[in-house]
Structure formats: C-alpha cells, structure tokens
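Protein chains in written order, with my numbering: chain A, 1 to 189; chain B, 1 to 189; chain C, 1 to 189; chain D, 1 to 189.
It is worth saying that the hints were derived from the structure and are not from the lab. For clarity, every value in this text was computed on a predicted model and none was experimentally measured. Be a bit skeptical, because a hint or two may be false.
Copies of one chain are not kept apart here, so a pair can be met inside one copy or by any two copies together.
[Unchecked claim] As a list, the in silico DSS-like pairs of lysine-lysine whose alpha-carbon atoms are at most 30 Å apart:
hint: 1; residue 1: LYS72; residue 2: LYS158
hint: 2; residue 1: LYS129; residue 2: LYS72
hint: 3; residue 1: LYS173; residue 2: LYS158
hint: 4; residue 1: LYS170; residue 2: LYS128
hint: 5; residue 1: LYS129; residue 2: LYS170
hint: 6; residue 1: LYS72; residue 2: LYS173
hint: 7; residue 1: LYS170; residue 2: LYS134
hint: 8; residue 1: LYS170; residue 2: LYS158
hint: 9; residue 1: LYS128; residue 2: LYS72
hint: 10; residue 1: LYS133; residue 2: LYS158
hint: 11; residue 1: LYS133; residue 2: LYS173
hint: 12; residue 1: LYS125; residue 2: LYS173
hint: 13; residue 1: LYS158; residue 2: LYS129
hint: 14; residue 1: LYS133; residue 2: LYS170
hint: 15; residue 1: LYS170; residue 2: LYS72
There are 4 protein chains.
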Amino acid sequence: MKLRSLVAALAVVCVTLSNASAKTIAFAEMVNNNITVEEVKKAIEGWGAALIAISNEYETNGMSASRALAEKVVDSAYGYNMGAVLFKPTLASGDQTFRTNRSGAIAYFVGGDSRFPNDNGFAIKGWKKFDYKKAAIYINGDIALTMGNVMLTDSNGKVTTVDKTWGFKKDNKGNLRIVLHHSSLPFAQ
Amino acid sequence: MKLRSLVAALAVVCVTLSNASAKTIAFAEMVNNNITVEEVKKAIEGWGAALIAISNEYETNGMSASRALAEKVVDSAYGYNMGAVLFKPTLASGDQTFRTNRSGAIAYFVGGDSRFPNDNGFAIKGWKKFDYKKAAIYINGDIALTMGNVMLTDSNGKVTTVDKTWGFKKDNKGNLRIVLHHSSLPFAQ
Amino acid sequence: MKLRSLVAALAVVCVTLSNASAKTIAFAEMVNNNITVEEVKKAIEGWGAALIAISNEYETNGMSASRALAEKVVDSAYGYNMGAVLFKPTLASGDQTFRTNRSGAIAYFVGGDSRFPNDNGFAIKGWKKFDYKKAAIYINGDIALTMGNVMLTDSNGKVTTVDKTWGFKKDNKGNLRIVLHHSSLPFAQ
Amino acid sequence: MKLRSLVAALAVVCVTLSNASAKTIAFAEMVNNNITVEEVKKAIEGWGAALIAISNEYETNGMSASRALAEKVVDSAYGYNMGAVLFKPTLASGDQTFRTNRSGAIAYFVGGDSRFPNDNGFAIKGWKKFDYKKAAIYINGDIALTMGNVMLTDSNGKVTTVDKTWGFKKDNKGNLRIVLHHSSLPFAQ
Numbered sequence: 001m002k003l004r005s006l007v008a009a010l011a012v013v014c015v016t017l018s019n020a021s022a023k024t025i026a027f028a029e030m031v032n033n034n035i036t037v038e039e040v041k042k043a044i045e046g047w048g049a050a051l052i053a054i055s056n057e058y059e060t061n062g063m064s065a066s067r068a069l070a071e072k073v074v075d076s077a078y079g080y081n082m083g084a085v086l087f088k089p090t091l092a093s094g095d096q097t098f099r100t101n102r103s104g105a106i107a108y109f110v111g112g113d114s115r116f117p118n119d120n121g122f123a124i125k126g127w128k129k130f131d132y133k134k135a136a137i138y139i140n141g142d143i144a145l146t147m148g149n150v151m152l153t154d155s156n157g158k159v160t161t162v163d164k165t166w167g168f169k170k171d172n173k174g175n176l177r178i179v180l181h182h183s184s185l186p187f188a189q
Numbered sequence: 001m002k003l004r005s006l007v008a009a010l011a012v013v014c015v016t017l018s019n020a021s022a023k024t025i026a027f028a029e030m031v032n033n034n035i036t037v038e039e040v041k042k043a044i045e046g047w048g049a050a051l052i053a054i055s056n057e058y059e060t061n062g063m064s065a066s067r068a069l070a071e072k073v074v075d076s077a078y079g080y081n082m083g084a085v086l087f088k089p090t091l092a093s094g095d096q097t098f099r100t101n102r103s104g105a106i107a108y109f110v111g112g113d114s115r116f117p118n119d120n121g122f123a124i125k126g127w128k129k130f131d132y133k134k135a136a137i138y139i140n141g142d143i144a145l146t147m148g149n150v151m152l153t154d155s156n157g158k159v160t161t162v163d164k165t166w167g168f169k170k171d172n173k174g175n176l177r178i179v180l181h182h183s184s185l186p187f188a189q
Numbered sequence: 001m002k003l004r005s006l007v008a009a010l011a012v013v014c015v016t017l018s019n020a021s022a023k024t025i026a027f028a029e030m031v032n033n034n035i036t037v038e039e040v041k042k043a044i045e046g047w048g049a050a051l052i053a054i055s056n057e058y059e060t061n062g063m064s065a066s067r068a069l070a071e072k073v074v075d076s077a078y079g080y081n082m083g084a085v086l087f088k089p090t091l092a093s094g095d096q097t098f099r100t101n102r103s104g105a106i107a108y109f110v111g112g113d114s115r116f117p118n119d120n121g122f123a124i125k126g127w128k129k130f131d132y133k134k135a136a137i138y139i140n141g142d143i144a145l146t147m148g149n150v151m152l153t154d155s156n157g158k159v160t161t162v163d164k165t166w167g168f169k170k171d172n173k174g175n176l177r178i179v180l181h182h183s184s185l186p187f188a189q
Numbered sequence: 001m002k003l004r005s006l007v008a009a010l011a012v013v014c015v016t017l018s019n020a021s022a023k024t025i026a027f028a029e030m031v032n033n034n035i036t037v038e039e040v041k042k043a044i045e046g047w048g049a050a051l052i053a054i055s056n057e058y059e060t061n062g063m064s065a066s067r068a069l070a071e072k073v074v075d076s077a078y079g080y081n082m083g084a085v086l087f088k089p090t091l092a093s094g095d096q097t098f099r100t101n102r103s104g105a106i107a108y109f110v111g112g113d114s115r116f117p118n119d120n121g122f123a124i125k126g127w128k129k130f131d132y133k134k135a136a137i138y139i140n141g142d143i144a145l146t147m148g149n150v151m152l153t154d155s156n157g158k159v160t161t162v163d164k165t166w167g168f169k170k171d172n173k174g175n176l177r178i179v180l181h182h183s184s185l186p187f188a189q
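Bound conformation, chain A alone (with noise of 0.2 Å):
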C-alpha cells in the first residue's frame, strides 16, 4: 500500500519539468530573441538573390552601380555595423585571406579596391542562379551556424560549387546578420 502510493506519487514527479500536459498555461506577453530555422533559411536565399542582384546590375547598369548595391548588402546582411565579422572568401588568399572589415568585404564583392589588388569582383561574375544542398545547422540562442555547399550558376550555365560555413546573429531590431562567413573551393584530389 505505502508501496503502491509512493509509486503513483513517483509517477506524478517523473513529468516533473518535462512531460506534463500544459493544457492550462498561457503566456500573455512574450519577448524571444532566438533565431529560428525559419529565418537562417530566408537569410540564406537573401544571400543568393542579393549575390544575383549584384550580377545583374553590374551588367545592366555597370560598375558604379553594382558598387553602390554591393555596399547596400553588405550593410543589411553583415555584421561589421557591430564589430569585426570573420570572413573568409573564396577566393581570397594570402595578406588579404581574412575580411574582418567592411572594406575589405566589398573589395571582394565588387574589386576595384587599390587596397585589395587581387580583387576582381566575385560578386559582379555573371551569376543567374543559386543553389545550396547537404546543409546542417546549429542553432544556439540567437546565433545559427550552418554548414553545406553553395552551387553558383553563371550565364554559361557553368556551376561552380563552394564548401560554405555561415554564422548568423540576431540583432536587437529582429534582423540576421552575417558575423562569420567561410568559404572554400572543394579539395581537390
């Protein structure tokens, strides 16, 4: 008998913080900082369609114009409004391998940057389509880390596939940004 009680009572306390029904809380007011899934994935389409943005406009528009867009990307969807950003491009190496800065991002984006001479543009190559595949992520509070290949298609039709890590930050106004971006062409046996 004390047997049997103490084992309903037990199973009362096993759902203790996990398993128990909540039929009856509501929540009035809610603030949540966290990132969700939801959002990394649109950020990440972000990512492509701006990248393709930039393309088009460097050929409909030219050079000044695909810089002018380049800048305004970079300013939405990075983090150097906030600090360094630790960003590695693909095709960026040597001295100038690392892109802590704003300059040094939009160098890459779009060249023209007498600082960053081996830059051409990554940004202006023609890209029409983009494309991202074998991902996984890890989310922890309001920063999302997201591994997997980016398949850029250019007006040839050529694709070009990159080893992509992305970290996002949610600010304080609700919007991601980029704070930790490494990429790299796949190792080549």
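Following the hints, position chains B, C and D against chain A.
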C-alpha cells in the same frame, strides 16, 4: 531605364536577409539548444504537479516519504547540480531569505532541518490544485524567464495567490532546470 | 615501453581542450557580446543613483521635473524599447501587479496616472541612500540575473528593505537594460 | 537655479546603467556560464597538441594505438555527444565533405574505415609542430567562433598552412567542445 532597373535590383535586395521565400532550403541535420515556450509551459505545470505530489505523499505516507520525494523533485527540477540557484521562497525571511543551495530548498519544502528553524514545510500544506495566470515570458537562448500569479488551493478550498518569477535553464541533456525562483505574497495595501 | 609511450601520449591528450598553456595564441580582433560582473555591478549602482536622483528632483523642482527624469531613467535603464518587461514593483498589487509596459513603470515611479490609481510614486518618497547586499548573480550570455536585498534610506533615516531580483540584458550597443524586475517586501512571520 | 539642479540631476542619471562606480556591490555567490577568451586559447592549443600526440603515437606504437588515441581526442574535444557537428576537414571532398557524425571524424583523423575510402589519416602524417596566427574571435554566450591560419610542420620541416574556422561550445561541465570546424587549403591564384 537605369532608374527602373535600379529599383528592380533594390527590390530584390530589400528582401536580403529577412523576407526571401526560402522554398528550397532544407537542413539534413540540426542541433537546436534553444528553449521553447512549450517546454516552459510543461516545466511550470510540472512544478505544480510536483508540489501537489509532495503534499499527497505527506498525507498518505508521512514525513519521511514526502522528504524523499521533495529531494527527488529538487534534484530534478532545480539547477543546484550546476551551482548556486537564486531562490527566494514565498515564506522565507531574515538571514534565511535566500536559498542558494540544495539543503535550503529542501528545508523550505518539507521542513525538519534545524539549520532552518522557521521552515515548517511549504510543500506539505495539503495543496490540491495549482493554477497559473497573468503570465509573461522572456526567452533568451537556453534561458526563459516567466512572471505571473500562482494560485494554490488547499484541501479546504482556500486559495493562496503568490507573485512568482521563474528562470529556467535548458541543460545539455535538454532538461529544463530552475536557476531563478522569486516568490512573494501580494502587496497588501 | 609501449605502455610508457602511451602514458606519455595520454598525458598530452588529457590537456586536450582545457589545460594547455596557451602561451602563443593571440587574437588580433575580437567581438565579445557577453555581459560581465562589473557591468552588472555598475547597472545596479546606477539604478540606485537614478532612484535617488528622481527623489531629489521631486523635492527641488517638483512633479513635472521628476516625471521627466523618471521617463528618461525608464527609457535608458529598462528594456521596454525591445518589448515587454517582466516588472513586479514592490508596492503594486491586484490587476496592476505586473507592469509589462512603459507607462506602468513610469506610473509606479512617479504616480499621477489615472490608469494606475493606487500608484503614489515610489521614486519620489525622499530616498537618500541605496545599499545592496546578500547578493547572488547568475550569468548566461548577454543575460545576468541577480538576487539580493536592497536597502533604501529616506530623509528621516528610516530604512526600507526589499527582496530584489533583476534580470539584465546587454543590448547590441553594449548597454545593459532591465528586462526582469521582481521586488517584494520581506515576508513577515 | 531650476536649470542648474536639473543639470545636476541629469548628470547623475546619465551614468544610469553604465558608468556608476560600483564600489560597494559584491556578489556572495556566482554562476557564470560564459566562455572566455582564455578558455578558447587553451582549447586551440589543446587541439594542436592532440594532433601531434596522435602523430607521435602512430610512429611509436602503430595504427591501433593511434586510433585509440584519436577516438579519445574526438570524444573529449568534439561535440558529437551532443548531436551533429558541423565539420568540413581540410582534405575531405565529394559526398564525404561533411563529417557531421563521430565515425566520419575518426576516419578523417586516422583512416582505415571502408566507409570513407579516400581518408588516409590526416592526424598520422608525422606532424611535429602547431602554430596559429592572424586570428579573430567572436564570443556570444557559451559559444566562441574563431578564424585564422593554422600552420602544421611535419618531420621534414615542411609547413602546411590552412584557413581554419572553429566554433566552440562550453558545456554544462565547463568543458569546451568543437561544434563547428571548417578547414580549407588556401586559395591558389
């Protein structure tokens, strides 16, 4: 013409990292360390169920059994295994207001600890019903903070209302643990 | 011999990700979004100083000036700009126990708001001195939770003690904002 | 006069939650879940030391011993115990580019796994020296992200440089675990 295509390009960029459609992205693998509203609801219901279980255990099987149950509840529902817990129980006062370690929490719930002479066992007061209302929640990573009213009904139908703040931490195993608990009787004008 | 070298190898590995000397690593650039103990101490002292400043302003320049100051304090020290704040002031009760929006906080501090008829202005009660003791702190990312006793001394030397929980969030600009505040009079036996 | 006292009051308030002196506040108890720069430095040095240890173990005691050591290293230094790890090793490619589970990581380090036929054991290539430079760090709660160059020297004195991104998570026991690892050979113009 130039203007029109710029507008078109900007229209694409405006969606940059926030409004894209995200139709095509899928993550094959995922880790998500964030706490969810649903988990918090269950944790709160679980806390109420555990309190009632301790009361029932006391009535049915006496002090020793209810103490064993209270220890089990504290060890599974609070974060004492990870360090100090910020716990201010409803009826604690003076030098014993704050119960930052495990023994202080157990003493509060079931009494019988000479180091806490004013404790007469909050959890063994014959509680039969737990309700929660007027609640708000603040979620930040693996932490959720809630504030609201808890209504406890005893075996005579008498309802005790308290103002209650909880802070929950989701641990590496996915379990929620109380790391903050501030409970107080309503201010009486 | 085999055993000895295995032991040697394991000795190295035991230090793996925790005990290495780290003599040679340096980071050229750093972003650190975490809240620090020192920042929390300053925020608490700042809260106390602001409360006294509002009291002094009321005495010297009257209600309108103290209200303007209270608004400034609430707007800079609380997180209402980022959504609901979990605020249970010491002397609030009934339907107005929780002040999750800005107007409820200002009404509590300086009164004079017909929507909060029981508020007579907690911050204009002639407070002269602020002390804080028996405190514990829980730090998790950009959130810090504190619990302890606040002692407020009025112009007659009378000391009011409250049990106080604060939750601070460090925003993207590096400022701490109160997102949780539960204050209660000590339980009287 | 009125103006002067308002200025004085504002002077106090300006310090509100940021510049106060914080002379008198002390916390008797503290929990701090945040990752520190020093912990990250040690983790990086530890990773380098472990890689060299596996190489040495292979030379001294052969494959079986080095495999046992590699398993120990992966199990203590990576976060596979908490779910998928975002791991893109330097020399992995094709369908086996991403090693999100434990067996893929061990295969990469010591080879000999028929499921990963291209792996010939990166950690058993006779590494003698580990260096790290041009690094940046981004800290967010219990996560730290680093990016920089790793230089590995083999027994012939030949140096291999890689571009390296790590993401470390501090677990509930205070140990750092790698949850993200993207390594790539420098882009060759």
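Here is how each hint holds up against the structure:
1. When the C-alpha separation of LYS72 and LYS158 is checked against a cutoff of 30 Å, the pair qualifies only within one copy, where the shortest distance is 27 Å, while the shortest distance between copies is 44 Å.
2. When the C-alpha separation of LYS129 and LYS72 is checked against a cutoff of 30 Å, the pair qualifies only within one copy, where the shortest distance is 20 Å, while the shortest distance between copies is 43 Å.
3. With identical chains, the CA atoms of LYS173 and LYS158 are never at most 30 Å apart, being 38 Å at best within one copy and 43 Å at best between copies.
4. Taking the shortest Cα distances, LYS170 and LYS128 sit within 30 Å of each other inside one copy (28 Å), while across copies they are farther apart (41 Å).
5. Taking the closest pair of Cα atoms, LYS129 and LYS170 come within 30 Å of each other only inside a single copy of the chain (26 Å); across copies the shortest separation is 38 Å, beyond that limit.
6. Proximity of LYS72 to LYS173 under the C-alpha cut-off of 30 Å is found in both arrangements, the shortest distances being 18 Å within a copy and 21 Å between copies.
7. Taking identical chains as interchangeable, the C-alpha atoms of LYS170 and LYS134 lie at most 30 Å apart whether they share a chain (23 Å) or sit on different chains (26 Å).
8. In this assembly of identical chains, the alpha carbons of LYS170 and LYS158 never lie at most 30 Å apart, being 34 Å within a copy and 42 Å across copies at closest.
9. With identical chains, the CA atoms of LYS128 and LYS72 are at most 30 Å apart within one copy only, with a shortest distance of 20 Å there and 46 Å across copies.
10. For the identical chains of this complex, LYS133 and LYS158 are intra-copy neighbours only, at 17 Å inside a copy versus 36 Å across copies, given an alpha-carbon limit of 30 Å.
11. When the C-alpha separation of LYS133 and LYS173 is checked against a cutoff of 30 Å, the pair qualifies both within a copy, at 29 Å, and between copies, at 29 Å.
12. When the C-alpha separation of LYS125 and LYS173 is checked against a cutoff of 30 Å, the pair qualifies neither within a copy, at 33 Å, nor between copies, at 36 Å.
13. Only within a single protomer do LYS158 and LYS129 lie at most 30 Å apart by alpha-carbon distance; the minimum there is 10 Å, versus 41 Å between protomers.
14. For the homomeric pair LYS133 and LYS170, the shortest alpha-carbon distances inside one copy (23 Å) and between copies (29 Å) are both at most 30 Å.
15. With identical chains, the CA atoms of LYS170 and LYS72 are at most 30 Å apart both within one copy (18 Å) and between copies (27 Å).
Hints 3, 8, 12 from the earlier list are contradicted by this structure; the remaining hints agree with it.
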